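Chemist: Given these sequences and hints, build the entire structure.
2 protein chains.
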Amino acid sequence: MKKTRFSSPKYFKLSKKQNANEILEDYVEAIEEISKDKKDVKNIDLSKYFGVSKATINKNIKRLIKAKLVTSEKYKSIHLTSNGKTLALDSNVRHEIVFKFLRKIGVPKKIAEEDSEGMEHHISSYTLKIMKSLI
Amino acid sequence: MKKTRFSSPKYFKLSKKQNANEILEDYVEAIEEISKDKKDVKNIDLSKYFGVSKATINKNIKRLIKAKLVTSEKYKSIHLTSNGKTLALDSNVRHEIVFKFLRKIGVPKKIAEEDSEGMEHHISSYTLKIMKSLI
DNA sequence: CATAAAAGTTAGCCTAGGCTAATATATTTA
DNA sequence: TAAATATATTAGCCTAGGCTAACTTTTATG
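Chains H and P supply the protein sequences, listed in that same order. This note's numbering puts the first sequence at residues 1 to 135. This note's numbering puts the second sequence at residues 1 to 135.
Rather than coming from a laboratory, the hints here were simulated on the basis of the structure. Treat the hints with care, since some could be wrong.
Given that identical chains are not distinguished, each listed pair holds provided it fits within a single copy or across any two copies.
[Said to hold, decoys possible] Calculated lysine-lysine pairs in the DSBU-like style (CA-CA distance at most 30 Å, straight line):
#1 Lys110 <-> Lys100
#2 Lys129 <-> Lys104
#3 Lys129 <-> Lys109
#4 Lys132 <-> Lys104
#5 Lys38 <-> Lys48
#6 Lys59 <-> Lys76
#7 Lys38 <-> Lys54
#8 Lys104 <-> Lys85
#9 Lys104 <-> Lys62
#10 Lys110 <-> Lys129
#11 Lys100 <-> Lys129
#12 Lys42 <-> Lys104
#13 Lys66 <-> Lys132
#14 Lys132 <-> Lys110
#15 Lys129 <-> Lys74
#16 Lys109 <-> Lys74
This structure is a prediction, so every number in the text was calculated from the model and none was measured.
Modeler: Next comes the structure, spelled out in structure tokens:
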């Protein structure tokens with residue numbers, strides 16, 4: 001009597017690949033959000049936002065530049081490229097769907113904020129569509 | 001007119017900490033599952049299960065040993081400690097709740113397997129309780 | 001406007017989690 | 001049982017994502 005298998009190798013591989021982009025998505029989403037309040041998005045804003053050191057932000061911004069998601073010159077502010085903007089908006093839409101869905105099923109705001117943050121990168125578009133339809 | 005903030009620094013910090021244990025949980029869960037079919041769980045089984053090299057498994061098993069989740073001697077099979085067993089069962093329960101919840105809202109089996117795999121580490125016990133009650 | 005404070009950068013370190021290649025041990029099977 | 005195959009381990013490499021400390025540049029202020 002074999003138990004249902006909830007996972008298998010291939011799914012792990014997929015989730016690892018996704019993982020690689022998680023931080024990039026979080027960053028562009030953060031940059032987009034911060035730029036609603038401030039005209040210039042600086043290193044220090046992201047440092048405060050994510051609670052990590054300026055050095056870490058600096059390193060990660062270089063990855064974003066390499067990935068053509070942002071542009072930035074030394075000591076200057078950070079700007080999303082059109083790719084970056086698209087990814088940020090996409091990310092935000094997914095984030096919002098998950099957040100609202102969690103609220104809909106009765107999860108308190110604070111917890112829904114935390115959970116949606118963690119979950120947004122691990123939900124397929126199929127599942128997102130269902131969640132959207134249930135909001 | 002400020003937009004709702006879906007995320008904030010502290011949630012990121014929390015999710016990073018969780019991340020560190022993800023692989024440990026995945027491993028104990030896998031070991032528990034494999035041991036249902038085979039008496040001995042070996043390196044090679046996990047290598048096939050996760051689709052990563054034997055060397056990687058070997059390294060990670062050492063982390064599990066350090067974390068007192070498994071015991072294993074050179075060239076011998078891997079056994080969950082009672083801590084490991086507890087974590088595995090816990091993990092599996094969470095996994096199962098998410099999987100069944102996704103099925104309940106209409107997500108196809110294959111996709112529910114993938115998504116629940118990714119999501120299980122990012123859902124609070126509060127949200128899990130709600131999901132459980134809705135299955 | 002000079003200097004102090006704030007922000008940005010760089011270098012060097014760490015852990016986690018991958019890999020390959022070489023080697024060691026176990027297991028199968030001719 | 002000896003040789004071939006399978007599995008396990010080790011060493012050394014890589015990237016991502018953290019950190020601190022030292023230094024540079026920018027910004028604010030006396």
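Chemist: Taking the hints in turn, state whether each one holds.
Modeler: Tested hints:
Taking CA atoms no more than 30 Å apart as the test, lysine 110 paired with lysine 100 passes in both settings, with 12 Å inside one copy and 25 Å between copies. Both within a single protomer and between protomers do lysine 129 and lysine 104 lie at most 30 Å apart by alpha-carbon distance, with minima of 15 Å and 14 Å respectively. In this assembly of identical chains, lysine 129 and lysine 109 lie within 30 Å of each other by CA distance both inside one copy and across copies; the values are 21 Å within and 16 Å between. For the homomeric pair lysine 132 and lysine 104, the shortest alpha-carbon distances inside one copy (10 Å) and between copies (15 Å) are both at most 30 Å.
Taking CA atoms no more than 30 Å apart as the test, lysine 38 paired with lysine 48 passes inside one copy only; the shortest distance there is 14 Å, against 49 Å between copies. Taking identical chains as interchangeable, the C-alpha atoms of lysine 59 and lysine 76 lie at most 30 Å apart only when both belong to the same chain, with a minimum of 15 Å there against 42 Å between chains. Taking the shortest Cα distances, lysine 38 and lysine 54 sit within 30 Å of each other inside one copy (18 Å), while across copies they are farther apart (49 Å). Proximity of lysine 104 to lysine 85 under the C-alpha cut-off of 30 Å is restricted to the intra-copy arrangement: shortest distance 28 Å within a copy versus 34 Å between copies.
Within a single copy, lysine 104 and lysine 62 get their C-alpha atoms no closer than 38 Å, and across copies no closer than 43 Å, so neither meets the 30 Å cut-off. In the homo-oligomer, the alpha carbons of lysine 110 and lysine 129 lie at most 30 Å apart both inside one protomer (23 Å) and across protomers (16 Å), since each shortest distance falls under that limit. For the identical chains of this complex, lysine 100 and lysine 129 are neighbours both inside a copy (13 Å) and across copies (18 Å), given an alpha-carbon limit of 30 Å. Proximity of lysine 42 to lysine 104 under the C-alpha cut-off of 30 Å is found in neither arrangement, the shortest distances being 35 Å within a copy and 44 Å between copies.
In the homo-oligomer, the alpha carbons of lysine 66 and lysine 132 never lie at most 30 Å apart, since the shortest distance is 33 Å inside one protomer and 43 Å across protomers. For a Cα distance limit of 30 Å, the shortest separation of lysine 132 from lysine 110 qualifies both inside one copy, at 20 Å, and across copies, at 20 Å. Taking identical chains as interchangeable, the C-alpha atoms of lysine 129 and lysine 74 are never at most 30 Å apart, the minima being 41 Å within one chain and 48 Å between chains. Taking the closest pair of Cα atoms, lysine 109 and lysine 74 never come within 30 Å of each other, the shortest separation being 38 Å inside a single copy and 49 Å across copies.
Of the numbered hints listed earlier, those contradicted by the structure are 9, 12, 13, 15 and 16.
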